[in-house]
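> Here the protein sequences come in this chain order: A and B.
Sequential numbering from 1 applies to the first sequence in this note's numbering.
Sequential numbering from 1 applies to the second sequence in this note's numbering.
Please note: incorrect hints may appear among the correct ones.
[Said to hold, decoys possible] The list that follows gives simulated cross-link-like pairs (lysine-lysine, DSSO-like), each with its CA atoms no further than 27 Å apart:
1. LYS185/B / LYS29/B
2. LYS42/A / LYS28/A
3. LYS28/A / LYS3/A
4. LYS113/B / LYS167/B
5. LYS163/B / LYS221/B
6. LYS221/B / LYS29/B
7. LYS120/B / LYS42/A
8. LYS22/B / LYS27/A
9. LYS167/B / LYS28/A
10. LYS60/B / LYS42/A
11. LYS113/B / LYS28/A
12. LYS42/A / LYS15/A
13. LYS240/B / LYS4/B
14. LYS28/A / LYS102/B
15. LYS15/A / LYS3/A
16. LYS3/A / LYS42/A
17. LYS27/A / LYS29/B
18. LYS120/B / LYS22/B
19. LYS27/A / LYS60/B
20. LYS3/A / LYS27/A
21. LYS22/B / LYS185/B
[As the list claims (entries may be wrong)] Every beta carbon over 12 Å from chain A, so not counted as near; a handful from chain B, in silico:
22. SER14
23. GLU86
24. GLU96
25. HIS99
26. SER101
27. LYS120
28. TYR128
29. LYS163
30. ASP164
31. SER187
32. ALA202
33. VAL237
34. LEU251
Just so you know, these hints were derived from the structure itself, not from any lab.
The model shown is predicted, which means the values in this text are computed figures rather than measured ones.
Idealized CB from N, CA, C, for every residue including glycine.
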Amino acid sequence: MAKINGKEVSEAKGKTVGRYIEENGYKKTYIAVEINGAILPKAEYESRIINDEDIIEIVNFVGGG
Amino acid sequence: MNDKLIIAGHEFNSRFILGSGKYSLELIKAAVENAGAEIITLALRRANSDSDNILDYIPKGVTLLPNTSGARNAEEAVRIARLSREVGCGDFVKIEVIHDSKYLLPDNYETIKATEILAKEGFIVMPYMYPDLNAARDLVNAGAATIMPLGAPIGSNKGICTKDFIKILIEEIDLPIIVDAGIGKPSQACEAMEMGAAAVMANTAIATAGDIPAMAEAFKKAIEAGRTAYLSGMGRVIEKASASSPLTGFLQD
Numbered sequence: 001m002a003k004i005n006g007k008e009v010s011e012a013k014g015k016t017v018g019r020y021i022e023e024n025g026y027k028k029t030y031i032a033v034e035i036n037g038a039i040l041p042k043a044e045y046e047s048r049i050i051n052d053e054d055i056i057e058i059v060n061f062v063g064g065g
Numbered sequence: 001m002n003d004k005l006i007i008a009g010h011e012f013n014s015r016f017i018l019g020s021g022k023y024s025l026e027l028i029k030a031a032v033e034n035a036g037a038e039i040i041t042l043a044l045r046r047a048n049s050d051s052d053n054i055l056d057y058i059p060k061g062v063t064l065l066p067n068t069s070g071a072r073n074a075e076e077a078v079r080i081a082r083l084s085r086e087v088g089c090g091d092f093v094k095i096e097v098i099h100d101s102k103y104l105l106p107d108n109y110e111t112i113k114a115t116e117i118l119a120k121e122g123f124i125v126m127p128y129m130y131p132d133l134n135a136a137r138d139l140v141n142a143g144a145a146t147i148m149p150l151g152a153p154i155g156s157n158k159g160i161c162t163k164d165f166i167k168i169l170i171e172e173i174d175l176p177i178i179v180d181a182g183i184g185k186p187s188q189a190c191e192a193m194e195m196g197a198a199a200v201m202a203n204t205a206i207a208t209a210g211d212i213p214a215m216a217e218a219f220k221k222a223i224e225a226g227r228t229a230y231l232s233g234m235g236r237v238i239e240k241a242s243a244s245s246p247l248t249g250f251l252q253d
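Let's have the full structure, built from the sequences with the hints guiding it.
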């Protein structure tokens, strides 16, 4: 099962990254995505398909000093 | 007066870098406006699609300065910096490498390593550091755009405990010295500017104030006053009195 932000997510497999982030309410312009330790450029969100072994981090900005 | 803060060729009128942590998103716009801030710091964390995004609350035209908080070594700082840039908000990054949870003191050695890697990748690197002259020189050689020495532990509001060592950096380092962390009230921000600091960064002092936008404004005024005083050149200090009024023409003469 793919692991996204530390949680195992069963419904992610087979979807593109672009579809997954859209379905889960993330805005592409506000996030960065890392898969298995490598940054996934925004241009590749629609072509990269999530598979079971993927460890994915979806990050954005929050308040900080 | 043409007195710009210049960081890697980018010009700023304001010398107040505002943090955005520990207060509500609704107050950020007012704080930025009252502070007159042109640079605001941010942190990068796992995204939560349920909450509003901070970028919607920051006025347009403000330069975003993501930090690498959470990094415990150079490798993690580099990872966070690259992800921050991928979000698409510019090349500025404040390097913060900390593995001491009690005092949150930065690791200068790891900070130098991260600075070197990121500067080569085209980042505008603003390292947070413990004010040590040798480390600051290494940061300059590593490609830092500014040096950000701490005044006191992060969030402590204790003021510029490291004053004498920051003065050495101001004297010896040919980059903007931005006092970051520990400044707790406007008079301390003013003091940093009077010393010749190029700018002041503050977060907790504003975030924990009773009226956040008003305190942001107080800091703005203090930083401007300190800067003007520095540029004016301080009056001299002597041991004995020196009359301010004429010593002639007294009525009893």
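> Next step is simple, just say for each hint if it's right about the structure.
Going down the list of hints, with the structure as the test:
For the hint pairing LYS185/B with LYS29/B, the CA-to-CA distance comes to about 21 Å; that is within 27 Å, so the pair holds. At roughly 8 Å between alpha-carbon atoms, LYS42/A and LYS28/A fall within 27 Å of each other, so this suggested pair holds. The hinted pair formed by LYS28/A and LYS3/A meets the criterion: a straight-line CA distance of about 19 Å does not exceed 27 Å. For the given pair, LYS113/B sits about 24 Å from LYS167/B by alpha-carbon distance, which is consistent with the 27 Å threshold.
A C-alpha spacing of about 21 Å is found between LYS163/B and LYS221/B, which places the hinted pair at or below 27 Å, so the restraint holds. For a cut-off of 27 Å, the pair hint linking LYS221/B to LYS29/B stands: about 18 Å separates their Cα positions. Simply put, LYS120/B and LYS42/A have alpha-carbon atoms about 23 Å apart, close enough for the 27 Å limit, and the pair holds. Distance restraint check for LYS22/B and LYS27/A: the Cα-Cα separation of roughly 23 Å lies within the 27 Å cut-off, and the hinted pair is therefore satisfied.
For the proposed pair LYS167/B and LYS28/A, the alpha carbon gap of about 44 Å is over 27 Å, so the pair is violated. For the suggested pair LYS60/B and LYS42/A, the alpha carbons sit about 22 Å apart, so the restraint of at most 27 Å is met. Restraint check for LYS113/B and LYS28/A: not satisfied, since their Cα atoms lie roughly 31 Å apart, outside the 27 Å limit. At roughly 16 Å between alpha-carbon atoms, LYS42/A and LYS15/A fall within 27 Å of each other, so this suggested pair holds.
Restraint check: the Cα-Cα separation between LYS240/B and LYS4/B comes to about 38 Å, which exceeds 27 Å; the hinted pair is violated. Under the criterion of a C-alpha separation no larger than 27 Å, the hint pairing LYS28/A with LYS102/B is inconsistent with the structure, at around 36 Å. Only pairs whose Cα atoms come within 27 Å are accepted, and LYS15/A paired with LYS3/A is accepted, the gap being roughly 14 Å. A threshold of 27 Å between alpha carbons decides the hint, and for LYS3/A with LYS42/A the separation of about 19 Å falls inside it, so the pair holds.
Between LYS27/A and LYS29/B the CA atoms are separated by roughly 21 Å; this keeps the pair inside 27 Å, and the hint holds. Distance restraint check for LYS120/B and LYS22/B: the Cα-Cα separation of roughly 33 Å exceeds the 27 Å cut-off, and the hinted pair is therefore not satisfied. As the CA atoms of LYS27/A and LYS60/B are separated by approximately 18 Å, the hinted pair is consistent with the 27 Å bound. Taking the CA atoms of LYS3/A and LYS27/A, the gap is near 20 Å; set against the 27 Å cutoff, the hint holds.
Annotation: proposed proximity of LYS22/B to LYS185/B holds, straight-line Cα distance about 17 Å (limit 27 Å). No Cβ of chain A approaches the Cβ of SER14/B within 12 Å, the least distance being about 17 Å, so the stated non-interface status holds. The beta carbon of GLU86/B is not kept farther than 12 Å from every beta carbon of chain A, the shortest such distance being approximately 4 Å. Separation of GLU96/B from chain A is inadequate, the least Cβ-Cβ distance of about 9 Å not exceeding the 12 Å criterion.
Against chain A, the non-interface label of HIS99/B holds: every CB pair exceeds 12 Å, the least being about 18 Å. With a cut of 12 Å on Cβ distances, SER101/B stays outside the contact zone with chain A, its closest approach being about 16 Å. With 12 Å as the threshold on Cβ separation, the claim that LYS120/B sits away from chain A holds: the shortest Cβ distance comes to roughly 17 Å. With a least beta-carbon separation of about 10 Å from chain A, TYR128/B fails to lie farther than 12 Å from that chain, contradicting its non-interface assignment.
For LYS163/B, the non-interface assignment is confirmed: its Cβ lies about 21 Å from the closest Cβ of chain A, beyond the 12 Å cut-off. The beta carbon of ASP164/B is kept farther than 12 Å from every beta carbon of chain A, the shortest such distance being approximately 24 Å. At roughly 20 Å, the least C-beta separation between SER187/B and chain A is larger than 12 Å, which holds for a residue marked as non-interface. Against chain A, the non-interface label of ALA202/B is violated: not every CB pair exceeds 12 Å, the least being about 8 Å.
Here VAL237/B stays apart from chain A, with its beta-carbon at least about 35 Å from theirs, past the 12 Å limit. No Cβ of chain A comes within 12 Å of the Cβ of LEU251/B; the nearest lies about 59 Å off, and the non-interface call holds.
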